[in-house]
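One line per chain: the protein sequences are R and P, in this order.
Using the working numbering, you'd call the opening residue of the first sequence number 33 and step up by one each time.
Using the working numbering, you'd call the opening residue of the second sequence number 141 and step up by one each time.
If you are wondering where the hints come from, they were derived from the structure by calculation, not from laboratory data.
In this text, all values refer to a predicted model and were calculated from it rather than measured experimentally.
Mixed in with the good hints, there may be bad ones.
[Claimed, not checked] One-sided and incomplete, this derived list gives chain R residues near chain P with beta-carbon spacing under 10 Å:
hint : residue
1    : Pro-114
2    : Lys-116
3    : Tyr-220
4    : Trp-263
5    : Ile-399
Ideal placement from N, C-alpha and C gives every residue a C-beta, glycine not left out.
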Amino acid sequence: MHDKQFMRESLLQGAQAFQAGKMGRRSFLALCGMAGFASASVLAGRAEAAAGEIVMWNWGGQSEECHTSAIGNAFTAETGIPLKFDTSGPLQGKIKEMVDSGNVTADVCDGDLFDAVALGKTGHLEPIDYTVVDKAKTIDGYALEFGVSIILYGYAFMYDTQTYPDGAPSTWADFFDTTKFPGTRSLYKWANGSLEAALMADGVAKDALYPLDMDRALAKIKAIKADTIYWGSGAEAQQMIVNGEVSMGMVWQNRGRSIENDTNGRYKLVTNQAIAMPGAYIVPKGNPGGAAVMKFIATAQSVQAQLDLFACLGMTPTNPEAIAALAEADQPYSITSAANLPNVVMNDPTWWGENTDAAVNAFLAAIS
Amino acid sequence: MSALPRHVLNTGWILVLPFLVLVVALFLGPIVNILWLSVSEPTPGLGNYAKLFTSDSLGRIIGTTVRICVISTAISVALGYSIAYAMVHAADASRNKMLGLLLMSFWISVLVRTFSWLMLLGRNGVVNNGLEALGIISQPISFMRNELGVLIGMVHYMVPYAVLPILASMQSIDGRVVQASRSLGATGAQTFWRVYLPLTRAGIVAASLLVFIINLGFYVVPAVLGGGKVLMVAEYISVQVLVTLQWGTAAMLAALMLFGVLALLFLMSRFMKLSTVFGGGKA
Chain R
33 MHDKQFMRES LLQGAQAFQA GKMGRRSFLA LCGMAGFASA SVLAGRAEAA AGEIVMWNWG
93 GQSEECHTSA IGNAFTAETG IPLKFDTSGP LQGKIKEMVD SGNVTADVCD GDLFDAVALG
153 KTGHLEPIDY TVVDKAKTID GYALEFGVSI ILYGYAFMYD TQTYPDGAPS TWADFFDTTK
213 FPGTRSLYKW ANGSLEAALM ADGVAKDALY PLDMDRALAK IKAIKADTIY WGSGAEAQQM
273 IVNGEVSMGM VWQNRGRSIE NDTNGRYKLV TNQAIAMPGA YIVPKGNPGG AAVMKFIATA
333 QSVQAQLDLF ACLGMTPTNP EAIAALAEAD QPYSITSAAN LPNVVMNDPT WWGENTDAAV
393 NAFLAAIS
Chain P
141 MSALPRHVLN TGWILVLPFL VLVVALFLGP IVNILWLSVS EPTPGLGNYA KLFTSDSLGR
201 IIGTTVRICV ISTAISVALG YSIAYAMVHA ADASRNKMLG LLLMSFWISV LVRTFSWLML
261 LGRNGVVNNG LEALGIISQP ISFMRNELGV LIGMVHYMVP YAVLPILASM QSIDGRVVQA
321 SRSLGATGAQ TFWRVYLPLT RAGIVAASLL VFIINLGFYV VPAVLGGGKV LMVAEYISVQ
381 VLVTLQWGTA AMLAALMLFG VLALLFLMSR FMKLSTVFGG GKA
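Chain R extracted, bound-state conformation:
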């Protein structure tokens, strides 16, 4: 940042000197040229300048203030290291591009656990230091070499109580039954969750889902294609419901509560057979903040941070102690609460980490 400021000041001084006739035209143009050429290296220098802070790469919206209040404040109070944000969304391709370019500007990504599997394998991530991060403070099987699950989101569906006044849909089989429950429905268009839902609707037991039978799932998806529209972002899913475009819609489970409130209870969340997705913190290889990021991840595992994240974003805690500490009224909206847990599917990040490319493309081919 200092370099950039220096460059700006020199240019300003140069311009003044040129105006006053103290500097020749050539020298001034050369200075301009240098400043222009230098801007690329100044940008590259941002990564080094950032060493005294932790940069979290998340998805913007509310998450910036929620991550600050739930994790950032406690982390900064303890370590003196400030937390900054990049809210452009750490999709796999962007992380890969950042690491490949050698100009890594983020320390921790609010990603998925399947990202940890996919990008860990290709050498784009730093391993999680389990001497600092606690494996016991997450769900069994969700502490992997290159990523640890901090929160759970999930795929569930909501239905219009006015469209189905007698007998509400309660399973994915109902969701896929357009005769018994006519009306438009919505599914996630990047395959995740939609495939599991289709297989359960087709009669596959929730413990026998993985490895996913793609052909069977896609046949089920195609069968209701004429009555389905597909969303690409949580906001879009929410909008489809709030605007009354769908009678039944798949949503990110953590948004269910706010949609129920937005529609004055007209749409109801069904958590039966919801698919719990491990959201994970992953660290791009060569992160500028170094090992301090592990301390940040450990802070995010604390009971208080997890409860605050639940209150702020609706994301379910993964730390068993935090799950136990949830209030009674919050239980139905916590995907792994004692009441919900027997009926939810736990997503297999390894299957998705290894098969995302094929699954997403096959899904897109089936719905378009």
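Following the hints, put chain P in place on chain R, whose structure we already have.
Coordinates of chain P only, in the frame set by chain R:
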């Protein structure tokens, strides 16, 4: 040495040269990189291009893209032509107002337009609710979240782009040609079809090219208004880059779009002087 013509090595060019080199490097560099990716990822060779012939879905996506782009271009240019015609024949004051409105529409972001269409024509939109209240329809009409929705959104965005080149070519027509045609006994319709329309051909071609090329890259409109069922090349490329990490496929499709557009320009250049189309010298 003094014979060296001054305009060949104008000092201005020397000043501009470093920046020209920079622009060329920054522009061509990434394109070369894309071309390279398309033949080197994941394995060296033409495997990515072979997928065009072996994969049903790629063929279908390209087919959808071209079909939607052709239809939307045709509609946009037809509408643009009528608007330009009305503008040319309006009084100066109202023409300026019309031009102002036209240019203002460039300020409205594609996202705002897209979501406005959902509000207007969605299942619970103003139009459907209005028609239902009037008893004209009993079921909402599906304007949105399908191919029709994509076309409505794209045409709406592209009409102003179609108007400008056509307007320019109409403004350069000498009005006396039309008078001459009428004075020689041609009817209004004959004059339009045989005199006016041919004179605006360059404008129509320019508008069609411009609209078609921009259409090829549409991303937000099909993604939102298509309800996930209208998958066009731009969105597919983005998914391959960001989600499935098949950068080779993405680069191949990007290269295909690039060469498709270049081939289109080349074909056009066989039939007419492109410099006329883009407002260069008069033919």
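Worksheet item: Which numbered hints are broken by the structure, listed smallest first?
Response: 1 and 2
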